[in-house]
Amino acid sequence: MKKLLISLSGLLLAGLVSAGEWTQFRGPLGKGTTDDTGLPVRWSQNENLRWKAELPGRGLSNPVIARGRVYVTASSGVSQDRLHILCFDVATGKKLWERQFSATGSTLCHPKTCMAAPTPVTDGERVYALFATCDLVCLDAEGNLIWYRSLRKDYPTVSNNVGMASSPVLWEDLLLVQMENAGESFAVGIDKLTGQNRWKIDRNRGINWVTPLVIQNGNQPEVLFQSSQEITAYDPRTGRKRWSYEGTGLSTTPSPIPANGTVLVTAGEMLALRPGNEQNSPEVLWRSNRVRPATASALYYQERVYAVNSAGVLNCADAINGKPLGQERLKGPFSASPVAADGKIYLVNEEGTTFVVQAGDQPKLLEKNSLGETILASPAIADGAVFLRSDHHLYCIAAKKAK
Amino acid sequence: MRPTVAVLLIVLGFDVLCRAADTNPGPLLAKIKAVGPEGAGNVEATRAWKELVRLGSSALIDILAALDDQAPLAANWLRAAVDAVAEKELNAGRKLPVDQLETFVRQTKHSGAARRLAYEWLARVDKTAPDRLIPGMLNDPSAELRRDAVARLLNENQQRLDKGDKAAAIEGYKRALTSARDRDQVIEVADKLKKLDIEVDRAAHFGFIRSWMLIGPFDNTKGIGFKAVYPPEQKVDLAASFKGKMDKEVRWFEHTTTDSYGVVDLNKAVGKNMGAVGYAFAVVNSKAEQPVQIRVGSNNSVKFFLNGQLLFAHEEYHHGDRMDQYIGKGTLKAGRNEILIKVCQNEQTDSWAQKWSFQLRVCDALGGAVGLTVVTEKK
Chain Y
1 MKKLLISLSG LLLAGLVSAG EWTQFRGPLG KGTTDDTGLP VRWSQNENLR WKAELPGRGL
61 SNPVIARGRV YVTASSGVSQ DRLHILCFDV ATGKKLWERQ FSATGSTLCH PKTCMAAPTP
121 VTDGERVYAL FATCDLVCLD AEGNLIWYRS LRKDYPTVSN NVGMASSPVL WEDLLLVQME
181 NAGESFAVGI DKLTGQNRWK IDRNRGINWV TPLVIQNGNQ PEVLFQSSQE ITAYDPRTGR
241 KRWSYEGTGL STTPSPIPAN GTVLVTAGEM LALRPGNEQN SPEVLWRSNR VRPATASALY
301 YQERVYAVNS AGVLNCADAI NGKPLGQERL KGPFSASPVA ADGKIYLVNE EGTTFVVQAG
361 DQPKLLEKNS LGETILASPA IADGAVFLRS DHHLYCIAAK KAK
Chain V
1 MRPTVAVLLI VLGFDVLCRA ADTNPGPLLA KIKAVGPEGA GNVEATRAWK ELVRLGSSAL
61 IDILAALDDQ APLAANWLRA AVDAVAEKEL NAGRKLPVDQ LETFVRQTKH SGAARRLAYE
121 WLARVDKTAP DRLIPGMLND PSAELRRDAV ARLLNENQQR LDKGDKAAAI EGYKRALTSA
181 RDRDQVIEVA DKLKKLDIEV DRAAHFGFIR SWMLIGPFDN TKGIGFKAVY PPEQKVDLAA
241 SFKGKMDKEV RWFEHTTTDS YGVVDLNKAV GKNMGAVGYA FAVVNSKAEQ PVQIRVGSNN
301 SVKFFLNGQL LFAHEEYHHG DRMDQYIGKG TLKAGRNEIL IKVCQNEQTD SWAQKWSFQL
361 RVCDALGGAV GLTVVTEKK
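Those sequence lines, one after another, are chains Y and V.
So the first sequence is numbered by the numbering used here: it starts at 1 and just counts up by one.
So the second sequence is numbered by the numbering used here: it starts at 1 and just counts up by one.
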């Protein structure tokens, strides 16, 4: 009975997301994987390109897809103070609508990034977009404004002059935002229909780019917020702390990822953490410095862990015990995080070359595909297609036409 | 009159009044303008927004005019309403009110943001509008409209140069320089003029203060200096000496930067110090009372003051610096005004965390220098 309840809870946690949807940073539940099949292996500007749409300005956020629509954010203007949310038809690439907003927070950032770095999140009915300026917008699928907030106006010391990138996630009717920076640092659960705080908790001050992770821990949903000193689990409904793993040198760039009941945490090495609870501390099941990623988050797929390091080498390990398996030399650098489906892993480097790798104990490069543009955003997979975005274009890569 | 007819007339009259209220954007705009911190008023604003957009293009100018209040929260609600109305009208095959939009664009009493938004929708449906409007906007109060006018003038000057008309090009570039406010355009013009043997004092153009009295280091070990109120923050006495960091005597001294963008390198001027605070002070003379912006760029934590009043404070170290990174708004008195900036260096050992510097300029809301004279009495 308990196992049945846990399974059902897991289904609920999936948020009743349909197949063919990619609803947040790294897709459903932040896993970086889907059940899509028939995905393309080879493509170019002239091959297996279902459509290509122009985008304004710049963007590092990954596209999100739900109910036949692709949502993308961008930022433009002399000082990156124009914030865009665009919606395209998944089948045709036709732009359905675009909304612009003016930045209310600082637009200062490292030249590599921009104000459209955080990835939006959608529940299919609405899209919620956070920009690095701390402007937070909710629009419905038709582009109607549901609500808007300026987290910078609300909390004036919030600041990260390198640029922010943590993406919001959804849990039931709450939008969960991690706002750790050089000023007032906090995490907040926002009512997704009204934009008003349901709870807000203090977090350690320090710049941080990781995205929160919602997991099912037994029969309890939890949201994990990771900083350089800890990864802590909270009740997503109330913000009440449940358990915490404290360490030094935990990553502030690669995000934690779920791995079949464990959580993979990037630190000075990769840690596989069994979540704790209010009675028990979390447990480190294994550690490995062989499968530690550099900038891109790691990937859990088919009971293996994959991570690409700063030398552009894709390493693979057994997710059960961390035992190193094979590796495949690619060519970096990689800012985008890998994603997987259909037995294949897709990794795109900053030059815009996507490496399609056969998943397995010994990852095997199948194809390299170049689009000739810088790509810093992680890919999305939905509707039998791989979605890539550069600053200037949104690409829908597919082997066949959409159904 | 029979009672039933009277009742019917009353009902009809009430219905007409209700319909008039339904098409009146005023109350809907008021609800949107009432949004507050942490989502206060969002529920009412959401309903009002939907109703406002439903009114269609008849409400477009009213929504644009509501942007004149320049309240940043409401502005984004209103901006989205303009885009939604215009997009839906065009998607439905209807026309936008182009005459009204152009009138709105031409009226400089409206906010720059509103006029720019109106212009962008106008230009989308009337491709001749840019040629008609932009050339006359070199001195426009809207930064973005002015920028387009400068860009157009730069193109024209390049064509003049290509034709060999050097004198006309120089004249054109000088006009462009007078109007340009964005750093990239100013640099472009200055570089063009330099090739034509005309030097541009970039620091003067932007209004950077270059001559300062400096003092330091005071203590910022473990960041304590940011909040600490050292003597210069209490009163500037250029003749006095103080105990600084590690009780070392510190005194005010003159320093003038030759950097093209007014950057003062405190590591060179004060000496290389970590965990330290430095102050820079200048007295400027303003011909009249005027609202200004003091704009600062620094990799370090800063506070800056105008006539003893704190205008801006930000505590963040080594995450990047940029011209106009921090903006404080104040008012210059006619005559003498005192500007003080506090620049805090932390104790990071990373090679990229060693910079201790700042640049400060005084300008109007559009970023144009306001023509001040530095009159600091040295000692």
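Be a bit skeptical, because a hint or two may be false.
Said to hold, decoys possible - Heads up, simulated DSS-like pairs for lysine-lysine below, C-alpha to C-alpha not over 25 Å straight-line:
#1 127(V) <-> 153(Y)
#2 245(V) <-> 227(V)
#3 95(Y) <-> 88(V)
#4 33(V) <-> 153(Y)
#5 33(V) <-> 95(Y)
#6 94(Y) <-> 222(V)
#7 222(V) <-> 195(V)
#8 94(Y) <-> 329(V)
#9 153(Y) <-> 329(V)
#10 95(V) <-> 95(Y)
#11 323(Y) <-> 52(Y)
#12 88(V) <-> 52(Y)
Said to hold, decoys possible - Pulled a few chain Y residues facing chain V out of the computed Cβ check, cut under 8 Å:
#13 141
#14 143
#15 154
#16 160
#17 161
#18 186
#19 194
#20 199
#21 201
#22 203
#23 204
#24 248
#25 309
#26 310
Keep in mind that the hints were calculated from the coordinates and are not lab data.
Heads up, the beta-carbon is just placed ideally off N, CA and C, and yes, glycines get one too.
So, residue 161(Y) near chain V? Judge it on the closest CB pair being under 8 Å.
4 Å, holds
For the pair we were handed, residue 95(Y) and residue 88(V), check the Cα-Cα distance against 25 Å.
13 Å, holds
So, residue 201(Y) near chain V? Judge it on the closest CB pair being under 8 Å.
Given a least distance of 15 Å, the restraint on residue 201(Y) is violated.
Go through the hint on residue 154(Y) and say holds or violated, using the shortest Cβ distance to chain V against 8 Å.
Where the cut-off is 8 Å and the nearest Cβ of chain V is about 5 Å from residue 154(Y), the hint holds.
Taking the closest Cβ pair, is residue 160(Y) under 8 Å from chain V?
7 Å, holds
For the pair supplied as a hint, residue 33(V) and residue 95(Y), confirm whether the alpha-carbon distance does not exceed 25 Å.
Violated, at roughly 30 Å.
Holds or violated: is there a CB of chain V closer than 8 Å to the CB of residue 186(Y)?
Since the shortest Cβ distance to chain V is 12 Å, the answer is violated.
For the restraint on residue 141(Y), tell me whether the closest CB of chain V is nearer than 8 Å.
13 Å, violated
Hint check: is the beta carbon of residue 203(Y) less than 8 Å from a beta carbon of chain V?
Constraint on residue 203(Y) not satisfied, violated at 17 Å.
Holds or violated: are the alpha carbons of residue 127(V) and residue 153(Y) at most 25 Å from each other?
Outside the cut-off at roughly 38 Å; violated.
25 Å limit on alpha-carbon distance, applied to hinted pair residue 88(V) and residue 52(Y):
Within the cut-off at roughly 24 Å; holds.
Per-residue hint verdict: residue 310(Y), partner chain V, C-beta under 8 Å
For residue 310(Y), the interface hint is violated, since the closest Cβ of chain V sits about 18 Å away, which is over 8 Å.
Hint violations for this structure: numbers 1, 5, 6, 7, 8, 11, 13, 18, 20, 21, 22, 23, 24, 25 and 26, all remaining hints satisfied.
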